[in-house]
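**Q** Line by line, the protein sequences are chains A and B. First residue of the first sequence: 1, per full-length UniProt numbering; consecutive thereafter. First residue of the second sequence: 1, per full-length UniProt numbering; consecutive thereafter.
I should point out that these hints are in silico values taken from the structure, not numbers from a laboratory. Some hints here could point you the wrong way.
Heads up, the list lumps identical chains together, so a pair's fine if it works in one copy or across two of them.
Unchecked claim - Derived PhoX-like pairs (lysine-lysine); straight-line CA-CA distance at most 25 Å: (1) Lys-304 to Lys-216; (2) Lys-287 to Lys-221; (3) Lys-304 to Lys-337; (4) Lys-228 to Lys-172.
Listed below, chain by chain, are the residues.
There are 2 protein chains.
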Amino acid sequence: MASSLRHFAGLGCFPAAAFSSGSTCFLRRDIPNFCAFVALRPIRPPAAATAPAKPPASPSPPMEEHRQAVPIPCHSGDSPPALSAAAVPKTPLRLGIVGFGNFGQFIAGGVQRQGHAVLAASRSDYSDYCARHDIRFFRSVDALCEEQPDVLLICSSILSTEGVVRAIPFHKLRPDTIVADVLSVKEFPRNLLLEVLPPGFGIICTHPMFGPESGKHGWGKLPFVFDKVRVTEDGVQVAKCDQFLSIFEQEGCRMVEMSCTEHDRYAAGSQFITHTIGRVLSQLNLKSTPINTKGYETLLQLTKNTVSDSFDLYHGLFMYNINATEQLDNLEMAFEKVRQMLSGRLHDFIRKQIVERAAPVPTDPSGKLANGLSSSPAARLL
Amino acid sequence: MASSLRHFAGLGCFPAAAFSSGSTCFLRRDIPNFCAFVALRPIRPPAAATAPAKPPASPSPPMEEHRQAVPIPCHSGDSPPALSAAAVPKTPLRLGIVGFGNFGQFIAGGVQRQGHAVLAASRSDYSDYCARHDIRFFRSVDALCEEQPDVLLICSSILSTEGVVRAIPFHKLRPDTIVADVLSVKEFPRNLLLEVLPPGFGIICTHPMFGPESGKHGWGKLPFVFDKVRVTEDGVQVAKCDQFLSIFEQEGCRMVEMSCTEHDRYAAGSQFITHTIGRVLSQLNLKSTPINTKGYETLLQLTKNTVSDSFDLYHGLFMYNINATEQLDNLEMAFEKVRQMLSGRLHDFIRKQIVERAAPVPTDPSGKLANGLSSSPAARLL
Numbered sequence: 001m002a003s004s005l006r007h008f009a010g011l012g013c014f015p016a017a018a019f020s021s022g023s024t025c026f027l028r029r030d031i032p033n034f035c036a037f038v039a040l041r042p043i044r045p046p047a048a049a050t051a052p053a054k055p056p057a058s059p060s061p062p063m064e065e066h067r068q069a070v071p072i073p074c075h076s077g078d079s080p081p082a083l084s085a086a087a088v089p090k091t092p093l094r095l096g097i098v099g100f101g102n103f104g105q106f107i108a109g110g111v112q113r114q115g116h117a118v119l120a121a122s123r124s125d126y127s128d129y130c131a132r133h134d135i136r137f138f139r140s141v142d143a144l145c146e147e148q149p150d151v152l153l154i155c156s157s158i159l160s161t162e163g164v165v166r167a168i169p170f171h172k173l174r175p176d177t178i179v180a181d182v183l184s185v186k187e188f189p190r191n192l193l194l195e196v197l198p199p200g201f202g203i204i205c206t207h208p209m210f211g212p213e214s215g216k217h218g219w220g221k222l223p224f225v226f227d228k229v230r231v232t233e234d235g236v237q238v239a240k241c242d243q244f245l246s247i248f249e250q251e252g253c254r255m256v257e258m259s260c261t262e263h264d265r266y267a268a269g270s271q272f273i274t275h276t277i278g279r280v281l282s283q284l285n286l287k288s289t290p291i292n293t294k295g296y297e298t299l300l301q302l303t304k305n306t307v308s309d310s311f312d313l314y315h316g317l318f319m320y321n322i323n324a325t326e327q328l329d330n331l332e333m334a335f336e337k338v339r340q341m342l343s344g345r346l347h348d349f350i351r352k353q354i355v356e357r358a359a360p361v362p363t364d365p366s367g368k369l370a371n372g373l374s375s376s377p378a379a380r381l382l
Numbered sequence: 001m002a003s004s005l006r007h008f009a010g011l012g013c014f015p016a017a018a019f020s021s022g023s024t025c026f027l028r029r030d031i032p033n034f035c036a037f038v039a040l041r042p043i044r045p046p047a048a049a050t051a052p053a054k055p056p057a058s059p060s061p062p063m064e065e066h067r068q069a070v071p072i073p074c075h076s077g078d079s080p081p082a083l084s085a086a087a088v089p090k091t092p093l094r095l096g097i098v099g100f101g102n103f104g105q106f107i108a109g110g111v112q113r114q115g116h117a118v119l120a121a122s123r124s125d126y127s128d129y130c131a132r133h134d135i136r137f138f139r140s141v142d143a144l145c146e147e148q149p150d151v152l153l154i155c156s157s158i159l160s161t162e163g164v165v166r167a168i169p170f171h172k173l174r175p176d177t178i179v180a181d182v183l184s185v186k187e188f189p190r191n192l193l194l195e196v197l198p199p200g201f202g203i204i205c206t207h208p209m210f211g212p213e214s215g216k217h218g219w220g221k222l223p224f225v226f227d228k229v230r231v232t233e234d235g236v237q238v239a240k241c242d243q244f245l246s247i248f249e250q251e252g253c254r255m256v257e258m259s260c261t262e263h264d265r266y267a268a269g270s271q272f273i274t275h276t277i278g279r280v281l282s283q284l285n286l287k288s289t290p291i292n293t294k295g296y297e298t299l300l301q302l303t304k305n306t307v308s309d310s311f312d313l314y315h316g317l318f319m320y321n322i323n324a325t326e327q328l329d330n331l332e333m334a335f336e337k338v339r340q341m342l343s344g345r346l347h348d349f350i351r352k353q354i355v356e357r358a359a360p361v362p363t364d365p366s367g368k369l370a371n372g373l374s375s376s377p378a379a380r381l382l
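For reference, chain A alone in the conformation it holds in the complex (with noise of 0.2 Å):
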């Protein structure tokens, strides 16, 4: 069972592998490694933030600019500066959101509540529901950002970000401008946004833990993960990446500033062992039985939830999250932990029998033991 995946160890995301493998040395052409503990290039001095925007990125460097790339500076997640709302400027943001599917339209509610503008791009036609909510609606990425919004908001799902985010004509947009993301893995998307972005553009990595069922009633208390990857200190970025924060903390987030690294290391843990149970479960097909527990009512409920989301998010939140397959291994030895203390009362039952058969222990009348304990196997297991 361990070995069906073991050697895949490492591959919990995919991409890293292909570069420590020198077998898969193929892969290299078009998988940068977009999980690994660095960055793929340099961050640049604000200055180069005034310089034109380029067309988009070629294809990943060789593997030696990554050995000598340096490390992205991370906060650390303890104590998260409280966002300066004096530096936030009185002009709505207009914001692009690329992807425009039940997570997009849930977010862009948020932001016109803030009262800001939202513009929509997605390859399926949602010009009827923008039409209804007031949102301006485009067939296609170019159109949007011919617009030049401030900040364009990825939320394309996990397996669909690389391509969509190759495919923006950077050069159509501000050189100052800010993209973000929302995907549940983020040392994936800084990755490929610090390899495919010019490096004036902003880049705010983000993690909205809760969606359109959790915040239905509104995002008070929800958890909202950010890592301000690579943001201008000088001129209007840092005070739009401010604007931006703020409307995640004006609808009442709970707001957590931590680096990709740290979250990915912590969601590997939480959301994908729960994610795993759900499905584990799932395959169990469980039914609701007359003498439920609590506890079982939990996992049942559990259940229901975690299939609620497709399978391409849960294989998103394996594949893209580095840390994913070593927990899925800590899951199965702490399986393979309980049979064996199971088993291994068995094997006591067992050998308690063949010793005493041998030598049978008297007992009294009353079938007690000279210890008080009855002579049956049962009561010898205490």
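Chain B: place on chain A using the hints.
**A** For chain B alone, coordinates are given in the frame of chain A:
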């Protein structure tokens, strides 16, 4: 992993395997098949209820008697008959509790609230507790039985119950005494009591599916499972049976009449699975994180509740429920299935790369394929 326990298949209730395996025939001496789906002794006609009580039955009958035994008629559990309140006499019951730990004390509270007298016996000394709660305490089961209570309620642990029951001096009790249990498994005590009790004694197997924690604010709507295994329809035994069950009905429990066999089948697929998930997660030593999802918090709570019970209880749910091993195997197969679904996607990922390396797919300058998808590997997973 599977093989570590597979050779124990059928040992979910160990004694059952003891009979099914020729290599363990020595176990037949003192391990009756308490989990078999048949009774160890045919039900006696009501007339037998008037016969004088006999001393404890001798050790389990030979295999042949098991094969010839008559099945216990079980209630369907679909439509539990309402308890006839009219049949309940006004005289309070005198209820003797054998095993007066936390659960015995918890049950005694409800018995007293319904106006019945409680007598208690336990290996540990609870004389002070009983003095404070108007309960007569006895240091031995013999002394308790000399008081001839109407109902003897066994509140010992699963693992100690056989020894406790075999040590009861039935000849000191009235010949129509009702003996009941409260174990979380039901076929085992049903068959144990049918084998060990004198024929005139009544047998009611119950499972209050709550305890001091879940029932601390009252027993309203909490499930109480019961099976009137052997109750003579005439005489006072049936009235005392209804009077005993009315304690839980009057406390507001959801009364679920169900055969012991049905209970164990349902419980293995719900309560045992729940305890197993809790035990497995406890091995992972899960911690709260700054980014807990609601689903993860339910798992943290489930783990906390599970480990608050003893491992002896969990082991009892496994070893004394003939359906538990099958459920453990199902859980293992479900886990393996999920791993296979994840690894299968990774295999697809690699195969696509190999094929496209041999015959590169043409792309336009924007990086889009003829089908409109990005040429990137991640996008090709769509």
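**Q** Next, verify each hint and record whether it holds.
**A** Status of each hint after checking the structure:
no., hint, result
1, Lys-304 to Lys-216, "within (18 Å within a copy, 29 Å between copies)"
2, Lys-287 to Lys-221, "between (33 Å within a copy, 20 Å between copies)"
3, Lys-304 to Lys-337, "between (27 Å within a copy, 18 Å between copies)"
4, Lys-228 to Lys-172, "within (23 Å within a copy, 80 Å between copies)"
Consistency with the previously given hints is maintained throughout, with no hint failing.
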